[in-house]
Amino acid sequence: MSIQITPDLKENISQFEILFSDCADIKKRKIKVGQKLEKECYIAYIEVALSSVDWKDSAIGKLLQTLRKMPEEELVSYVEENVEDISDSQPFATIEDAAQGMLTGDALFFLDGYGKALKIPDKGYPGRGVYETESEKVIRGSNEGFSESVKLNTALIRKRLRSPHVKVKESFAGKRTHTNVDLVYMKDLIYPGMLEEIEKRLGEFEIDGSLDSGIIEQLTEKRKYSPFPQFQTTQRPDRAAMAILDGRIVLLSDNSPVALIFPATYNTFIQTSDDYYSRWEIASFTRLLRYLASFLAMTFPGLYLAMTNFHTQILPTDLLLSLAAARQGVPFPAAVEIVLMEVAFELLREAGVRLPGANGNTIGIVGGLIIGQAAVDANIVSPIVVIVVALTALCSFAVPNEEFATAFRILKFLFIFLCSSMGFFGFLVGMLGILIHLSHLESFGIPYLAPFVGADLNGYRDERDTFLRLPLDFLKKRPIYTREGARTRLKLTNQDKDQ
Amino acid sequence: MFADNWKISLRQVRRLLILDIFGLSSLMLPRIFSSMTGADGVFCLLFGMAGAGGMLWLMQKNIRHVQGSYYQYMKDTVGPLMGDIFMVFYYLYFVTLCGFVLYQTTVLVLTWLLPEGSYFWVSVLLLFLAGYGTIRGIEGRARVYEIIFWFLGIPLLIMLAFAVQEVHTDYWAPMLYSGGGDLWNGSVNYWIFLLPLTAVLFLKPFCKNSEKIVSCGGVALIGVTILNAVIYLILLGVFGTNTMGVLRRPVITLMSMINLPGGFFTRQDVIMVSVWFFALFALMHTGVFQSTLILKELFHESGNRYSMCISLVLAFVAGMGFFANTFLTEVYEIYQKWIVLPGMAVILLVLLFAYHIRFRWKTEKEGGKEE
Chain L
1 MSIQITPDLK ENISQFEILF SDCADIKKRK IKVGQKLEKE CYIAYIEVAL
51 SSVDWKDSAI GKLLQTLRKM PEEELVSYVE ENVEDISDSQ PFATIEDAAQ
101 GMLTGDALFF LDGYGKALKI PDKGYPGRGV YETESEKVIR GSNEGFSESV
151 KLNTALIRKR LRSPHVKVKE SFAGKRTHTN VDLVYMKDLI YPGMLEEIEK
201 RLGEFEIDGS LDSGIIEQLT EKRKYSPFPQ FQTTQRPDRA AMAILDGRIV
251 LLSDNSPVAL IFPATYNTFI QTSDDYYSRW EIASFTRLLR YLASFLAMTF
301 PGLYLAMTNF HTQILPTDLL LSLAAARQGV PFPAAVEIVL MEVAFELLRE
351 AGVRLPGANG NTIGIVGGLI IGQAAVDANI VSPIVVIVVA LTALCSFAVP
401 NEEFATAFRI LKFLFIFLCS SMGFFGFLVG MLGILIHLSH LESFGIPYLA
451 PFVGADLNGY RDERDTFLRL PLDFLKKRPI YTREGARTRL KLTNQDKDQ
Chain B
500 MFADNWKISL RQVRRLLILD IFGLSSLMLP RIFSSMTGAD GVFCLLFGMA
550 GAGGMLWLMQ KNIRHVQGSY YQYMKDTVGP LMGDIFMVFY YLYFVTLCGF
600 VLYQTTVLVL TWLLPEGSYF WVSVLLLFLA GYGTIRGIEG RARVYEIIFW
650 FLGIPLLIML AFAVQEVHTD YWAPMLYSGG GDLWNGSVNY WIFLLPLTAV
700 LFLKPFCKNS EKIVSCGGVA LIGVTILNAV IYLILLGVFG TNTMGVLRRP
750 VITLMSMINL PGGFFTRQDV IMVSVWFFAL FALMHTGVFQ STLILKELFH
800 ESGNRYSMCI SLVLAFVAGM GFFANTFLTE VYEIYQKWIV LPGMAVILLV
850 LLFAYHIRFR WKTEKEGGKE E
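Protein sequence lines, in the order shown, are assigned to chains L and B. Numbered continuously in the working numbering, the first sequence closes out at residue 499. Numbered continuously in the working numbering, the second sequence closes out at residue 870.
Hints should not be assumed to be uniformly reliable.
In silico DSBU-like links for lysine-lysine, alpha-carbon gap of 35 angstroms or less [stated by the list, open to error]:
{"id": "1", "chain 1": "B", "residue 1": "506", "chain 2": "L", "residue 2": "477"}
{"id": "2", "chain 1": "L", "residue 1": "169", "chain 2": "L", "residue 2": "187"}
{"id": "3", "chain 1": "B", "residue 1": "560", "chain 2": "L", "residue 2": "477"}
{"id": "4", "chain 1": "L", "residue 1": "476", "chain 2": "B", "residue 2": "861"}
{"id": "5", "chain 1": "B", "residue 1": "861", "chain 2": "L", "residue 2": "200"}
{"id": "6", "chain 1": "B", "residue 1": "560", "chain 2": "L", "residue 2": "476"}
{"id": "7", "chain 1": "B", "residue 1": "861", "chain 2": "B", "residue 2": "560"}
{"id": "8", "chain 1": "L", "residue 1": "169", "chain 2": "L", "residue 2": "28"}
{"id": "9", "chain 1": "B", "residue 1": "707", "chain 2": "L", "residue 2": "200"}
{"id": "10", "chain 1": "B", "residue 1": "795", "chain 2": "L", "residue 2": "200"}
{"id": "11", "chain 1": "B", "residue 1": "707", "chain 2": "L", "residue 2": "224"}
{"id": "12", "chain 1": "L", "residue 1": "477", "chain 2": "B", "residue 2": "707"}
{"id": "13", "chain 1": "B", "residue 1": "795", "chain 2": "L", "residue 2": "222"}
{"id": "14", "chain 1": "L", "residue 1": "137", "chain 2": "L", "residue 2": "477"}
What the hints contain is simulated information worked out from the structure, not anything from laboratory work.
Bound-form chain L, shown alone (with noise of 0.2 angstroms):
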C-alpha cells in the first residue's frame, strides 16, 4: 500500500527514513529557509548524482537561495505556484512514486507544509559520456557510440533526425531496477501494429531485474531456440537513426551501449552504416563480400573435410598430393584436427575478450604465431587445417554483427560433424536444415529472408538493396516494414538538368 505525503514534514521525513534505512549512499538533509530561516525543507538525493546543494548553477541550489530571501508563509505557495510546472521538476503524491524519482538521479525536495514531494533534476547519474565505438568501426561515417544513458542515448538519435514525427515512447522494465526502456521511432514510418506488438511482448514479462537490453532482447523474442537473433543490434547512433528512418523501431535500455533495432532480417545484418556513405561499386563489393563470408564463416570446414574425406575425385591431383603430404605425420584424423584447432580458436577469441585490451592483443599473437606453428612443428595438426580455421574466422570476423556472426561461429560445428561423418551429402542436409530454419524464421512478421523471399510484396524494389547495393538513385522507396503509403524516400527533382 502507498504512502501519502502529507503537509506535516516530520511525518514524511520518518517514512522517507524509514525507506531509506541503512542507505549510506542516500544524502539527506534539513535546510531552514524562508527570511527568518524558520520553515524547514527536506532534501535527499544521491550521493554522486547531485553536483552540489551549495553550487550557484545547480537547480535545487538556486531554488533554496531563492526560497531562503522569501518570507515563511509564502513558500508554500511560491513552490506550487512557480516551481512545480518548471521544466523536469515533477511533483509525487506518495513516498514510493517520490522515492522512485529520487532514484532516477535526481534530487528530491520535501517543504514543510506542502503535501507533495518535487523531484528536481540535476545531473544525474555518472556515466561515459558519448565516447567512440569499440565495435561495429566504418571506415567513412560519424565515430559517435551510444553510451550508457538512455537519455543522451536518445538525444544523440534525435541529433540526426531533427523531426517531430520521431516519437519516444518510455516504459520500464525491471522490478527492483526500475530500468528506463525506450523505443524510439518514426511516427508516420512504422508499420501499422509494429509498436503495439513491441508493446505487448514487453508487457509479457516481469522479471526482477533489466541490466542490459540483451536481457530484454532474449524475453521478447518469439523462436527462442533459433541460434539466429531476431533483433539487430547496434552501438551507433546514426545506425540506428538509419534504421529509424526506415520505419524500423530502435529500443534503448538504460545502462545498455547496445540498442535493439526490429524487424531485423539476414539482409539487414549483413549491412554496415557505410554501405551508404560510400559510392555503390564500393558498398555491393564489400556487401558481397560479406554474404560469402557469412557462408564460408559457417561452411568452410565442413566442406574441407567432405572434399579432403569423401569426395577426393573432385580436386585437382596436384592439390591432393600437396594436401596428403602436409598431413603426413599428424596422428588425428581430420575432423579431429579441425575441431581442436577450432576450439583452440574460440579459446583464444574468448580469452582475447575478456582480457584488459593490451593482453587482449597479445593472446591474438600469441595464439596466432606460437600455438599454430607450434602445433604444426609439431604434427599435431596440417598447416592446411590452420589455413581453414584461420579463413573460417576471418570471414566470422567480417560479419558486421556480432551476435549474427556467432550464429554462424556455432552452426560451424554443426557442419563440422554433418560433414565429417556424411560428406557433401551431410553438407547439402545442413543447407537444407538451415534453410528451411530461417525460412520459418520471422522477426515482427517481417520474413527473415526478406527481401530474397516476398519481394513482390513491395513490387521486387527491396531487391536493389541486397547482393548489391545500387546507386542510391535506384533506392527511392523505403523498405516493406515501412508503412505503406510513406515508402518515398527519395525524389529526385533536378535530374534531367544534372544530365
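With chain L held as given, fit chain B onto it using these hints.
Same frame as chain L, but now just chain B:
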C-alpha cells in the same frame, strides 16, 4: 503483419512447380526416351506437354468455381461420399509419389555422394527434413524454393552452356523414325512426370492472386519442357542413343564430364548433384505437404501432426518397398499410367460436368420460382 498469413506469391508457386517437375523428369526421362524413341524424344516432350496443358485447362475450368478449398468444391459438386473418394485417390497419388521420390533421392545420394551409406538412415534423415519443413506450413516451404531457385538454376545453365560444345549434332538423327506406339508411350511417360502440377488445385486457398494460379502451372509447364528438351538434346548429342540407354542418370554423368575452362575442380558431378538433390527434395516435400493437407481435411484435424506422421510413415514404407523390391517400381509405373493419369482426368471432367448440371438445375429451379 504481412508474413505468417498462410499466403504465398505467384513467383513462389511458379518456382515451386518448376523445381517439382524438373528434378525427377530431367533425371529419369532421358534414359526412358533414348531406349523408346531416340531423337524423337523431343516430340514426346511436346506431346506430353500438350496433354498436361489439356489437364491444366480442365483445372482452370474447375478452379474458377472453387470458393474455399478444392475438397469443399468436390463435396459440394459430387456429394460428400464421392468427394471423400476423390480425396483418397489424390492422397494415394501424393503419398506414393513421396515414397517413390524418397527412393529416387536416397538412391541418388547413395550412388553419388555416400556410396557406403545406409538406405534406411538416409531415408529417415530426408523424411525428417521434409517433416520439419512441413510442420510450419506452406509459407516456409515456398520460401525455401524461392530462394534456392537461381542458386540452382544459374550453375545448371552455365554447365549446360559448356556442354553444348561437346554435342555431336549427327547423333540427333534419325528423326521422325519412331512408331506411333513408342511416341504415345513416351508422351504418356512425360505426362506422368507432369502430374505434380495437380498440386495447384490444392494451392488456391494459399495463393495471394489465386485467379492466376493455373497460369503459373502453365509457365512452369512450358519452362520445364524447354529445359528438358535442351537437356535431352545435349545428352543425345553427347552420348548418342545407345550409350544414354545404358546410363542410369545420364544428366549427372554429363556433369562429371564437363570441363570448365580455367576451373579449379576436376569434376563437378558431386557439386551438381545438389541441383537434383534439392529439386527431388522439393517434390518429396510437395508429396508430404499435399498428403498431410489431404489427410488433415479428410479427418478434420485442427493441427497437422497426426496427418503428417501418418503420411511420413506411409511414404517411408513405400520408399523401403521400392528399394527392397524393384518389381514394385514397375507396379508403380503401371499404377501411374493406368490409374492415376486417367483417374485425374476423369475426376476433373466429372467435377466439371457435375458442376454444370447442378448449376443448370439450380438456375432452372430459381427461374421456376420467380415465374
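A quick look at each hint next to the structure:
1. Between residue 506 of chain B and residue 477 of chain L, the direct Cα distance comes to roughly 24 angstroms. Compliance with the 35 angstroms bound is thereby established for this hinted pair.
2. A hinted pair counts as satisfied when its Cα atoms are at most 35 angstroms apart, and residue 169 of chain L with residue 187 of chain L qualifies at roughly 11 angstroms.
3. Distance hint between residue 560 of chain B and residue 477 of chain L is unfulfilled; the C-alpha atoms sit about 40 angstroms from each other, more than 35 angstroms.
4. Proposed proximity of residue 476 of chain L and residue 861 of chain B is contradicted: the alpha carbons are some 54 angstroms apart, above 35 angstroms.
5. Distance check on the hinted pair: residue 861 of chain B and residue 200 of chain L sit about 51 angstroms apart at the alpha-carbon level, beyond 35 angstroms; violated.
6. A hinted pair counts as satisfied when its Cα atoms are at most 35 angstroms apart, and residue 560 of chain B with residue 476 of chain L does not qualify at roughly 42 angstroms.
7. Our distance criterion of 35 angstroms between C-alpha atoms is met by residue 861 of chain B and residue 560 of chain B, whose separation comes to about 19 angstroms.
8. With a C-alpha separation of about 32 angstroms, the suggested pairing of residue 169 of chain L with residue 28 of chain L holds against the 35 angstroms cut-off.
9. Taken as a hint, the residue 707 of chain B and residue 200 of chain L pair is honoured in the structure, with Cα atoms around 29 angstroms apart against an allowance of 35 angstroms.
10. Our distance criterion of 35 angstroms between C-alpha atoms is met by residue 795 of chain B and residue 200 of chain L, whose separation comes to about 33 angstroms.
11. For the hint linking residue 707 of chain B to residue 224 of chain L, the alpha-carbon distance of about 30 angstroms falls within 35 angstroms, and the restraint holds.
12. Distance hint between residue 477 of chain L and residue 707 of chain B is fulfilled; the C-alpha atoms sit about 23 angstroms from each other, no more than 35 angstroms.
13. Under the criterion of a C-alpha separation no larger than 35 angstroms, the hint pairing residue 795 of chain B with residue 222 of chain L is consistent with the structure, at around 27 angstroms.
14. A C-alpha spacing of about 27 angstroms is found between residue 137 of chain L and residue 477 of chain L, which places the hinted pair at or below 35 angstroms, so the restraint holds.
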